[in-house]
Amino acid sequence: MTDTKDTQTSGLGFMGQRVQRVEDDRLLVGKGEFVADVLPEGVLHAAFLRSPFPHATINSINVTAAARLPGVHKVFTGAELNAITNPFLPMFMADGVYTPLYKCMSDEKVRHVGDLVALVVAESRYVAEDALELIEIDYTELTPVGTIDQALEPNREQLWEKADGNVLGNLSDSFGPVDQVFSRADHVITRTFECPRQTNQPMETRGTVVKVDKATGHLEIHNTSQAPHALKWALAAMLTDEGGIKNFGKFVRNADRRQAFTAAAKDFLSKNKESLKAQDNAGQVSQLKKDKSLLKHQGKMAMGLLASTDYPTVKAGDIGGAFGSKGPITREDVAVAAAAKKLGKSVQWIEDRVENLMDGGQAREEQFTISMAVDSDGTLRGMKVDFVLDQGAYPGFPISSLIIPLLWKLYMPGPYNIEAFELNGQIVATNKGRVVPYRGPWANETWLRERMLDVVARELNITPADLRAKNVMREGSMPDAFITGPTIDETMSVAKTFDRALEMIDFDQLEEDKAAAEAKGHRLGLGIASYHEAAPGPPNFFSSAQPGSDMLLSEDGRAEIQADGRIVMYTSQSPHGQSHETTYKQVAADEFGVPLEDVEIVWGDTDRTQFSFLGTGGSRGGPLGAGVMRMTARELRRQVTDVAADMLEAASSDIEIIDGNIHVAGVPAKGITYADVAAKVATDKRTTSGPVFTEQMQYDGVGNGGWSVATHVAWVDIDLETGLVEIPRYLVVEDCGPIINPGVVDGQIRGGVAQGVGAVFYERHHYDEQANLLSTTYMDYLVPTAMEIPHIDIEHMETLTDGENDARGTGEGGMIGAPAALTNAVSDALGVEVYEQYLPPYRILELAGVIDR
Amino acid sequence: MSLPSVNAPIGQTLPISVTINETAHSLDIEPRRSLADVIREDVGLTGTHLGCEHGVCGACTILVDGEPSRACLMLGVHADGAEITTIEGLAEPDGTKHPIQEAMKQAMSFQCAFCSPGFLMSTVALLRDNPNPTEAEIREELSGNLCRCTGYTSIVEGVETAVTLLGSSALGSTGDQATGGVA
Numbered sequence: 001m002t003d004t005k006d007t008q009t010s011g012l013g014f015m016g017q018r019v020q021r022v023e024d025d026r027l028l029v030g031k032g033e034f035v036a037d038v039l040p041e042g043v044l045h046a047a048f049l050r051s052p053f054p055h056a057t058i059n060s061i062n063v064t065a066a067a068r069l070p071g072v073h074k075v076f077t078g079a080e081l082n083a084i085t086n087p088f089l090p091m092f093m094a095d096g097v098y099t100p101l102y103k104c105m106s107d108e109k110v111r112h113v114g115d116l117v118a119l120v121v122a123e124s125r126y127v128a129e130d131a132l133e134l135i136e137i138d139y140t141e142l143t144p145v146g147t148i149d150q151a152l153e154p155n156r157e158q159l160w161e162k163a164d165g166n167v168l169g170n171l172s173d174s175f176g177p178v179d180q181v182f183s184r185a186d187h188v189i190t191r192t193f194e195c196p197r198q199t200n201q202p203m204e205t206r207g208t209v210v211k212v213d214k215a216t217g218h219l220e221i222h223n224t225s226q227a228p229h230a231l232k233w234a235l236a237a238m239l240t241d242e243g244g245i246k247n248f249g250k251f252v253r254n255a256d257r258r259q260a261f262t263a264a265a266k267d268f269l270s271k272n273k274e275s276l277k278a279q280d281n282a283g284q285v286s287q288l289k290k291d292k293s294l295l296k297h298q299g300k301m302a303m304g305l306l307a308s309t310d311y312p313t314v315k316a317g318d319i320g321g322a323f324g325s326k327g328p329i330t331r332e333d334v335a336v337a338a339a340a341k342k343l344g345k346s347v348q349w350i351e352d353r354v355e356n357l358m359d360g361g362q363a364r365e366e367q368f369t370i371s372m373a374v375d376s377d378g379t380l381r382g383m384k385v386d387f388v389l390d391q392g393a394y395p396g397f398p399i400s401s402l403i404i405p406l407l408w409k410l411y412m413p414g415p416y417n418i419e420a421f422e423l424n425g426q427i428v429a430t431n432k433g434r435v436v437p438y439r440g441p442w443a444n445e446t447w448l449r450e451r452m453l454d455v456v457a458r459e460l461n462i463t464p465a466d467l468r469a470k471n472v473m474r475e476g477s478m479p480d481a482f483i484t485g486p487t488i489d490e491t492m493s494v495a496k497t498f499d500r501a502l503e504m505i506d507f508d509q510l511e512e513d514k515a516a517a518e519a520k521g522h523r524l525g526l527g528i529a530s531y532h533e534a535a536p537g538p539p540n541f542f543s544s545a546q547p548g549s550d551m552l553l554s555e556d557g558r559a560e561i562q563a564d565g566r567i568v569m570y571t572s573q574s575p576h577g578q579s580h581e582t583t584y585k586q587v588a589a590d591e592f593g594v595p596l597e598d599v600e601i602v603w604g605d606t607d608r609t610q611f612s613f614l615g616t617g618g619s620r621g622g623p624l625g626a627g628v629m630r631m632t633a634r635e636l637r638r639q640v641t642d643v644a645a646d647m648l649e650a651a652s653s654d655i656e657i658i659d660g661n662i663h664v665a666g667v668p669a670k671g672i673t674y675a676d677v678a679a680k681v682a683t684d685k686r687t688t689s690g691p692v693f694t695e696q697m698q699y700d701g702v703g704n705g706g707w708s709v710a711t712h713v714a715w716v717d718i719d720l721e722t723g724l725v726e727i728p729r730y731l732v733v734e735d736c737g738p739i740i741n742p743g744v745v746d747g748q749i750r751g752g753v754a755q756g757v758g759a760v761f762y763e764r765h766h767y768d769e770q771a772n773l774l775s776t777t778y779m780d781y782l783v784p785t786a787m788e789i790p791h792i793d794i795e796h797m798e799t800l801t802d803g804e805n806d807a808r809g810t811g812e813g814g815m816i817g818a819p820a821a822l823t824n825a826v827s828d829a830l831g832v833e834v835y836e837q838y839l840p841p842y843r844i845l846e847l848a849g850v851i852d853r
Numbered sequence: 001m002s003l004p005s006v007n008a009p010i011g012q013t014l015p016i017s018v019t020i021n022e023t024a025h026s027l028d029i030e031p032r033r034s035l036a037d038v039i040r041e042d043v044g045l046t047g048t049h050l051g052c053e054h055g056v057c058g059a060c061t062i063l064v065d066g067e068p069s070r071a072c073l074m075l076g077v078h079a080d081g082a083e084i085t086t087i088e089g090l091a092e093p094d095g096t097k098h099p100i101q102e103a104m105k106q107a108m109s110f111q112c113a114f115c116s117p118g119f120l121m122s123t124v125a126l127l128r129d130n131p132n133p134t135e136a137e138i139r140e141e142l143s144g145n146l147c148r149c150t151g152y153t154s155i156v157e158g159v160e161t162a163v164t165l166l167g168s169s170a171l172g173s174t175g176d177q178a179t180g181g182v183a
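As given, the protein sequences belong to chains Z and H, one line each in that order.
Residue numbering for the first sequence follows my numbering, beginning at 1 and increasing consecutively.
Residue numbering for the second sequence follows my numbering, beginning at 1 and increasing consecutively.
Derived from the structure by calculation, the hints contain no laboratory data.
There may be inaccurate statements among the hints.
[Claimed, not checked] Chain H stretches covered by chain Z per the calculated footprint, using a threshold of three residues with CB under 8 Å from any CB of chain Z:
| # | segment |
| --- | --- |
| 1 | 27 to 35 |
| 2 | 42 to 49 |
| 3 | 54 to 66 |
| 4 | 88 to 95 |
| 5 | 125 to 133 |
Please read all numbers here as calculations on a predicted model, not as lab measurements.
Glycine residues also receive a C-beta, built at the ideal position from the N, C-alpha and C atoms.
Turn these sequences into a full structure, and let the hints steer you where they fit.
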């Protein structure tokens, strides 16, 4: 099955092996360092007062009694923290979209249950929470916006006064001759679908520990961040407290800063010339039409960044999962940092689970109306989709939920040949928690399309498998690009996974099993779903969504050999369960020809790693993160080989390195070590410590595809008495190219599918029509247990390309495919169409006609 | 164990004696302080994790007098006189992993591993009471622990591997527990 090319491995051959995780040597013995474990001497503890109302104005706030409580160091009102911080600004804008600016606290109006009103810093979390109860606030309730339908009502109370009602964005785009295709196709089939709110729910909540250096005032922030560098820059900007003019003066007087800035700006401009040229200013125009204050704040923060010589240090240690939720920078991050800076004392804030359910990250509350134009023989012709996305109250930062429809635009037609596609829709604000990226943030395009394909198949009286087989893009007739723009190469191998999946389904057995199930009052069904995802995608991927939006996407990395011979690799990723340390050691050890333990991986510390806007996200850790580790390691090996060749009086081309032994080929007994080479260079350089070899690179991946693809097949067995669903078999046939570590890849796939199972059968983040959150505990929001998640069979295809580092990401796919395969299976089992993603037992019984709706 | 009054005024402390991982501790703690906070912050054993603080996720599971218990649902004062084992108490003093820890590593059971202390402590109790559980029994016994990363199969495999390792060590064989590296 695996026909890994020779070029994919070198040295000791760790690539492709199921290497056990080095992380486990600390994590399984209780020696990890998670954010809550960071308790510097004398640290104070913070707790937020949160709004009990979904929508209200704040008339007055009285903190006198709370501030007097023994053990309380300071009670900050929202206004006090807002006065010393700058707002969250839109970083990514698009035509037709308005992104409200907001501050770290709410001082006049609250917009969701759990909105931040005051912050107590005390000697313990217990005392801080006592003080919260002593704060008196007078609210006037406003009419809440609890549903998408309410958000679309023209005269509803507005969350954001500068918006058009509660609509924040109108997006529209089309590809191909839509009208012509829809007027000429034999059939146009239209259906409406909806997905309820979900939440990421990593087992570790968010947290931040801000250490303040008493002598210098320097902030060192330990944070559960997927993107520590973005957090560092955002905090540096948002904590800028002096005026722009004063800071500009400081900058002008500081020659070192000026020179550094000029060099960095030149570097940025030259690297991003094409992207900058491609950008239009339509997004900024849309934003400024609504709110011109953007320019003023941008100016102040930019001057602050220019003048400051002391940016915070951000450190991410061990992180207990995220699934996208710990990428965005949050209001709590800013508020706690501002409070610690103001007090000059270290402060820890650890979110509790109720807070996490209220505002730790929510996702996927979306409605769609889809029309498919199709000919009677099953040929797909065109697709039109209208959507409404419920972004909650506050836009995500630095990337708002705007990114989701932009990705839908590229992905929605899927891996099928199609002539025309149109997408229209709205982003609305409601009185709910923040929408964040959640594992395949765009995943509902796959759910919608794959569910609709089954509907269409049934309408045309052909099988779902036949409909897909007829339309899936195949080698031989593969276009060079999707009609939505992104280019295609051999990594777009969905057809391979689909064909293999069909081979692995025993359709005769399925009929027998269906009959057997029916005989005992059950219903059995099978569902198929295919998808492709950009992991990392082709070079034109993001620019296809919006011209010029492909900046800041390179992956940086650095390799060093220290004077004592130690090999140290610095990644800009921020791992939180993906086993980067193990897999990057595999890649680097192979390149250097050394054992795993000879390589150290450094991550998460902004003082030691290169800048990365994204950190860990977007399924980039395998293709780009490991890629830059490999390329920097290779370059250092070349340099080491040259020095070793001199030392061994041989030609560089004759040098071999095996198990750390650097020798002339065929003469291993006369070998030297990395330590010997490092010592020689250190002596020559008259140094005894620090790096003697260093290589730093930016890496953008290979090829014109970078697609990670899969076909999922779900079997469901439904008990018509209880409405409970069992999953007797679940199959994933996937192609993520060459696998670095199958244990890690399989884990990512299974974990993703498990979240998909949760989304369909157990998890609904439930707000009532008045925007009150009903699922505020794990008794209400049901994360599946070992009893609910089935075995998952995984078949790997491993299509290789001519390029190196052509591993494709696999972190998100499980969750992209699963909801579609599972709902298709339920539909097949019950013989009814399913138009919603969440199917708890009562809904299953309604669909089956066992109980009335 | 006798339960002291938990209605003491805020700030007042009560003395307790508790043995954690075979080390005796005499502590003065506020009656309202949770056992989890006592273990993590007062004793400094941060291997016990808090995931939900309302008794559902199981990340804080420890052994209290041998029984798996939620450290977030107990007050520190309730542990007066108790013998407690936490994740830090499983490995040998020289750092050699407990067979269950070794098994979970071999099976690549976890990802972020935030939940792992709870799973490991639940597994210690499970395999002590039922050394050869079926897969269904493992899944049921571990259903009081939530993991969001793995989809559980690898954890179940870890328990099955532990059965093998514990079986071979019970027979006096040291097994090949320190393979590390490539499996």
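Quick rundown of the hints versus the structure:
For the segment 27 to 35 of chain H, the proposed coverage by chain Z is satisfied: 3 residues have a C-beta within less than 8 Å of a C-beta in that chain, meeting the threshold of three. Coverage of the segment 42 to 49 of chain H by chain Z holds [criterion: at least 3 residues with CB-CB distance below 8 Å; count 5]. Remark: the segment 54 to 66 of chain H is confirmed as covered by chain Z, as 4 of its residues place a Cβ nearer than 8 Å to a Cβ of that chain, reaching the required three. With a cut-off of 8 Å between beta carbons, the segment 88 to 95 of chain H has 4 residues touching chain Z; three or more are needed, and the interface restraint holds.
Note: the segment 125 to 133 of chain H has 0 residues with beta-carbon separation from chain Z under 8 Å; the three-residue rule is not met and the coverage is violated.
Of the numbered hints given earlier, the model fails hint 5 alone.
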